[in-house]
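Enquirer: Each chain, letter by letter, is given below.
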Amino acid sequence: MIDKIYSSNNEGGKTKRRDFLGILLSGGFLAWLIALIYPVFKYLEPPPVEEAKVTSVKIGAVEDMAKDSGKIIKFGNKPVIVIRKKTGNYVAFSAVCTHLDCIVQYRKDYGQIYCACHNGKYDLNGKNVSGPPPAPLTPYAVKIVKDEVIIHAKEA
Amino acid sequence: MQKLLSNILTVLLLSTFSSLLFAQTETQDQCITCHKELDDELLLPAKKYVTDVHYSKHIPCSGCHGGDSKSDDMDIAMSKENGFIGVPDRSVRYEVCIKCHANKEAMKIYGSNLPVNQFENLKNSVHFQPTYNNVGPIADCVTCHSVHDIKQVDNPKSTVYPTKIVSLCGSCHSNANFMKNYNPALPVDQVVKYKTSIHGKMNLKGDPNVAECASCHGSHDIFAVKDSRSHVYKTNIPEVCSRCHSDSKLMSKYNLPSDQYSSYVKSVHGVALLEKGDLSSPSCNDCHGNHGAIPPGVESISKVCGNCHVLNMELFEQSPHKKAFDENDFPECETCHDNHDVVHPTDAMVGIQESSVCMNCHSNDDKGYIVAKNIKVLLDSLTTEDTETKKILDEATQKGMDVSDAEFSLKDVRQILIQSRTSIHAFNMNKFKEAITPGFKIIGKSKKAGVDAIDDYYFRREGLSIATLIVTILVIGLYFKIRKMEKKKNQKT
Amino acid sequence: MKNSNKKTIKERTYSWLDERFNLSGLIEFAKKKSVPKYRETIWYYFGGVALLLFIVQVITGILLLMYYQGTENSAYESVKFISTKVSFGWLIRSVHSWSANLMILSAFIHMFSVYFLKAFRKPRELTWYTGFGLLVMAMAFGFSGYLLPWNELAFFATKVGTDIAGQLPLIGKPILELLRGGEDVTGATLSRFFGFHVAVFPGIFTILLALHLIFIQRQGIAEPEDWKDLPDNEKKYIPFFPNFTMRELLIWLIVINVLAILAVFFPWELGTKADPFASAPVGIKPEWYFMFMFQSLKFLPAEILFLTGEFVGIAAFGIAGILWFLVPFWDRRTPKGKRNTIINYIGIFAVIFIIVLTILGFILD
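Chains as they are written, first to last, in the numbering used here: chain A, 1 to 156; chain B, 1 to 493; chain C, 1 to 365.
Simulated from the structure, these hints should not be mistaken for laboratory data. Just so you know, not all the hints are guaranteed correct.
[As the list claims (entries may be wrong)] Partial chain C-side listing against chain A, Cβ under 10 Å, derived:
{"no.": "1", "residue": "Val58"}
{"no.": "2", "residue": "Ile59"}
{"no.": "3", "residue": "Leu63"}
{"no.": "4", "residue": "Phe81"}
{"no.": "5", "residue": "Lys85"}
{"no.": "6", "residue": "Ile256"}
Every residue, glycine too, gets a C-beta built ideally from N, C-alpha and C.
Generate the whole structure from the sequences, applying the supplied hints.
Expert: Here is the structure:
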């Protein structure tokens, strides 16, 4: 069945035109397939989503958080862990574990930041001190303005 | 017999004469005659009344009190049958006055052209409400005009003469204990403030032509300031002030201009208040004060304007212009924006072109000139870009592409333009750039979205043409292929 | 050109498969497949076009699934997102909507051509029954898919459509609640319709389609009735492979291009988001393939004898549908080789009825 389309060249003079038609058709089909598949692949590429650029987040009054406690806040679309140390000072880090992107938590019993997925531990300077995490957590700047705690992205 | 006759004649003559005498004394106000002989409070009315304007019009005591003023017999003179009403009750004593004063014919009898609408005005006013202890209206005729020693209003001795009226009104209105029975929130410092004002100072010196309480508040038809019927309701104030302040003959006596009202009604504030009814727009008293009316000092103008235009004030006071203007006695805001005929500012006011106010002081290439030039350039640029971008987005929409997000964010540009124009008052290039730069960012994004949408419109059609071309080639090719194939088949069979 | 020792890739692939699946039998069978060549051959293409359009629907439907969100709060927005923000989203969405309509149109044409050419007669009754089922499923696809953008028109069309279903006696109310997922058209209805549209109906359709195609392959393409008496040498055929296939390919290419043209020049509207508390917009109408039924119901009086007009209408269409479905059963004459003019007249009447009422539905009100 397939050989019917590409029959042997016993009609000598017609070879050129047949080949031309064959080339035209194969080339055309290829072009057609590309014209079909290209939009499908572009379609599947996720379009860019507008993100409001967040530069700082107010999280509340200084006394709203108890000493020696931590909580996760939304910084734009990123999770940030805010910890009020026993001394009363605030620190903040990216809450995304540097190992495999789980969200970390503050463990009062360790006095450290802990990742439940694979037992990773970070100290209160964000440094990875135990377990699989390969790098420290990115710090965020904390400013206290008029009794309000404000988290800023730390300048590079 | 003759002696009897002459006696009778004498008696007759005597009695006639005496009766004539008596008649004279009888046509005299017997009430006064009698009461003059009495003491204390029964004496006072008689003593006073001879100074009263009504006495000079030959109106006896019975004109108000009823009774028979010709009789010296108390029982006749003060008899109820003769209409005597005694001292009328506080709650109805005004009825005595209005018997004549609300009656045009009655007034004509005494040759008076005085208006007769005083009671009509008074009875709806705030003063005619009953007192807190229900003894009668708060203020009636007697309260202000007094009684028994009433003078004509233009008589300097009248209680309601312009120079006396302030203390009259103040006798209640400056008494906190009294006023709090009616409206504890009402201020009681009007007289104190008034005395600091130009009006007050001149009034105290004895000038009857300056504004006093009744000039603005009215005399009989006084309403609460919040009541729109009040003469001093916000929208009525400009006209009330202009009654004197637009009178050039009157104002020239004090070396004052008389164009403020005509300027004000054309201004942004005037149009807003008087034509659009926007009560947040300032009236004369908002900038000049009402009781303590005085034009604001040159150095404090920005504070006065800044009561509403807060941001402009704050920026101005931190700008280099504050010191420069104050040192040169330039009236701050007024220097560029005028005082009464404040118009809606336009971008033509800033810059280096002829219409700009900057060029009133600045000249070629001084620091201010350069700042003015750059500000104008940026403003114009953003405004033009805004219009252009709107056109592009409209074109995209016409073509059926969706640019609603871009159109929405473009609305922020209007806000940014307003904020930038405000930040001009800092007269600082950096601050202005800070305010206006976000506008360019938004324009950039929106323009791009619009241009992309239009491009996409054409891209779709171009892509379709290419695809159709390919299909057409394929279809033609296939057609020939089929034909060839079948011809071959027919040849074979 | 060919070295007889070294086989080409085609030959090698063929022999690899042939060793495992015995392709030679299939090839022989395929070679024999042929299509009658006569005046009415043109109608033989419409089944294939309907199939093509179904395949287009499956592909564009799966693509839409990548971005569509089927809840009340985000359905409309997700369709808007696809149409405006996703690359070529406008194309996929408009093609899906146009192809739906063209698929139902070609299915109708295919069905009527089979009807008039009597291809439903013995031995092809089951092909007709499965085909009828496919047509009903196509319209169910259309009805359920129409709601998915959750726009104003769709909301009310669904309301009216399910209301009509609810008119059936006894079973009407349970059916209505089953369809709507409650008493009213809500987000629950949307979820349900979404589930029907992307899971239930494709499953049923695929089974019916498979049967339909298997039956056709097994029995070959139907020949016209009057060919029974013709001698073999006067019967002309087109071999299915490659001639008919290539012709079909040509037509399919054109159909796909037509879809693209429609998507670019007549993009499908989105309208406003559905608001259950807004009044029904003026001139609410169903899609054209339901219009003839909708318009007929509108013409019926409120009461006929002791029954509601609507019930009579639904019952009439129901009975008509069942009779149409059973045409292989009650057409006794055609198998005997006689012309069944009654069937022709009924068919012509049906076609005219549908066309006229559809037109009336659009020009009136």
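Enquirer: Holds or violated: the hint that Val58 of chain C contacts chain A, with Cβ atoms closer than 10 Å.
Expert: violated, 13 Å
Enquirer: When the nearest CB of chain A is found for Leu63 of chain C, is that gap smaller than 10 Å?
Expert: Where the cut-off is 10 Å and the nearest Cβ of chain A is about 6 Å from Leu63 of chain C, the hint holds.
Enquirer: Under the criterion of a CB-CB separation shorter than 10 Å, is Ile59 of chain C in contact with chain A as hinted?
Expert: With a closest approach of 8 Å, the Ile59 of chain C hint holds.
Enquirer: Have a go at the Phe81 of chain C hint: is there a Cβ in chain A nearer than 10 Å to its own Cβ?
Expert: holds, 8 Å
Enquirer: Against chain A, with CB atoms and a cut of 10 Å, does the hint on Ile256 of chain C hold up?
Expert: With Cβ-Cβ at 8 Å, under 10 Å, it holds.
Enquirer: Against chain A, with CB atoms and a cut of 10 Å, does the hint on Lys85 of chain C hold up?
Expert: With Cβ-Cβ at 5 Å, under 10 Å, it holds.
Against the hints set out earlier in the document, a violation occurs for number 1 only.
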